[in-house]
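Chains A and B are the protein sequences, given in the same order.
Note that the first sequence covers residues 1 to 213 in this note's numbering.
Note that the second sequence covers residues 214 to 307 in this note's numbering.
If you are wondering where the hints come from, they were derived from the structure by calculation, not from laboratory data.
Since the structure is predicted, the reported quantities are computational estimates derived from the model, not experimental observations.
Hints are not guaranteed to be accurate.
[To be verified] Quick partial rundown of chain B residues pointing at chain A, CB under 8 angstroms, derived from the structure:
(1) Arg226
(2) Asn235
(3) Leu242
(4) Leu246
(5) Glu249
[What the hints assert, rightly or not] According to the in silico footprint, chain A covers these stretches of chain B (three or more CB under 8 angstroms from chain A):
(6) 250–256
(7) 264–271
(8) 280–288
Beta carbons are placed, not taken as given, at the ideal position from N, Cα and C, and that holds for glycine.
The chain contents come next:
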Amino acid sequence: MPGLIINLSIYADEAALLAGLRRHDPDACTCLVKRFAPLVYARALRLVGDPDDAEGVLQTTFIKTCDALPNFDGASSLGTWIYRIATNEGLMLLRQRRPQVAFDAVAELLPADELPQPNHSWTIDPGRAALNGELRDQLAQAIAALPEPLRVVVTLRDIAELSTEETAAQLGITPGAVKVRLHRARLRLRDLLAGYLGFVTEDDDDQTAAPPP
Amino acid sequence: MTKPQHHHHSLERCRTLIAQLNDYLDGDLPPDLCAELEAHLAGCPDCRVVLGTLNQTVQILHTLDAVPPPLPADLEARLLARLALPSAPARGKP
Numbered sequence: 001m002p003g004l005i006i007n008l009s010i011y012a013d014e015a016a017l018l019a020g021l022r023r024h025d026p027d028a029c030t031c032l033v034k035r036f037a038p039l040v041y042a043r044a045l046r047l048v049g050d051p052d053d054a055e056g057v058l059q060t061t062f063i064k065t066c067d068a069l070p071n072f073d074g075a076s077s078l079g080t081w082i083y084r085i086a087t088n089e090g091l092m093l094l095r096q097r098r099p100q101v102a103f104d105a106v107a108e109l110l111p112a113d114e115l116p117q118p119n120h121s122w123t124i125d126p127g128r129a130a131l132n133g134e135l136r137d138q139l140a141q142a143i144a145a146l147p148e149p150l151r152v153v154v155t156l157r158d159i160a161e162l163s164t165e166e167t168a169a170q171l172g173i174t175p176g177a178v179k180v181r182l183h184r185a186r187l188r189l190r191d192l193l194a195g196y197l198g199f200v201t202e203d204d205d206d207q208t209a210a211p212p213p
Numbered sequence: 214m215t216k217p218q219h220h221h222h223s224l225e226r227c228r229t230l231i232a233q234l235n236d237y238l239d240g241d242l243p244p245d246l247c248a249e250l251e252a253h254l255a256g257c258p259d260c261r262v263v264l265g266t267l268n269q270t271v272q273i274l275h276t277l278d279a280v281p282p283p284l285p286a287d288l289e290a291r292l293l294a295r296l297a298l299p300s301a302p303a304r305g306k307p
């Protein structure tokens with residue numbers, strides 16, 4: 001069967017997309033999937049850490065989105081609304097998976113002598129870093145390898161860019177606990193980036209990151 | 214590997230202030246503590262490096278989802294099928 005040819009540009013405007021969805025236009029629904037599913041899946045995968053579970057979150061998110069469309073009030077953008085549904089689904093799955101440990105598992109205190117290595121100085125343009133596939137893969141793997149309480153917090157705070165208070169409310173923990181976990185997660189990811197970028201300056205010169213050989 | 218490298222006279226001081234770096238970056242550190250931290254940073258190149266690289270780490274994390282990878286074709290097909298929609302364009306698999 002030849003593939004459907006869908007003119008996505010007819011739904012470039014969110015209001016038009018919503019109108020299409022409300023009259024159950026299949027093209028509008030396909031457009032919704034094509035536009036938002038990649039990010040929903042990427043974030044679900046980061047939250048739950050398992051591809052099969054992330055696909056479950058993805059499917060549930062879109063089913064709930066379509067069911068709830070008549071109630072969508074447009075107070076936020078469609079994307080924000082969908083990502084919120086996805087986050088809720090992902091967190092619910094994590095709670096079901098480990099109901100006893102939940103999110104107050106302790107992984108927060110720095111070992112007494114753990115002080116960040118200072119002599120890895122590097123400078124990288126974040127915009128270019130975003131397009132560096134290898135760097136993104138390294139970082140994604142490092143995030144995936146974080147203990148769950150840290151992974152979830154850094155995903156919500158620094159990638160989904162929720163506030164400390166929103167993150168605390170989502171996880172049912174205190175804002176203080178969010179900050180402590182975020183701090184640990186960021187330090188670990190900083191160490192990973194320092195190692196990956198390999199910009200080591202032996203003399204602790206903090207401004208002159210040498211390019212790698 | 215985890216041996217502290219800070220050559221500052223007081224590792225305890227660095228450790229205490231490093232715990233505040235994220236609040237500082239996020240604009241959540243009270244002004245008096247900001248001033249204290251900045252005074253320390255002025256005299257501690259090691260903590261300046263940690264601050265600079267930590268800041269870049271956060272900036273990179275903010276851009277991590279700017280270009281999400283495309284959804285794998287089989288996964289998109291299953292999603293569309295689940296939503297009872299016409300299947301996505303064929304991509305070589307029967």
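Cross-check of the supplied hints:
1. Arg226: Because about 11 angstroms separates B:Arg226 from the closest Cβ in chain A, which is outside the 8 angstroms limit, the hint is violated.
2. Asn235: holds (5 angstroms)
3. Leu242: violated (11 angstroms)
4. Leu246: violated (14 angstroms)
5. Glu249: violated (18 angstroms)
6. 250–256: violated (count 0)
7. 264–271: Coverage by chain A holds for the segment 264–271 of chain B (6 residues, Cβ < 8 angstroms).
8. 280–288: Held - the segment 280–288 of chain B has 6 residues with a Cβ nearer than 8 angstroms to chain A, which meets the minimum of three.
Comparing the model with each numbered hint stated earlier shows that hints 1, 3, 4, 5, 6 do not hold.
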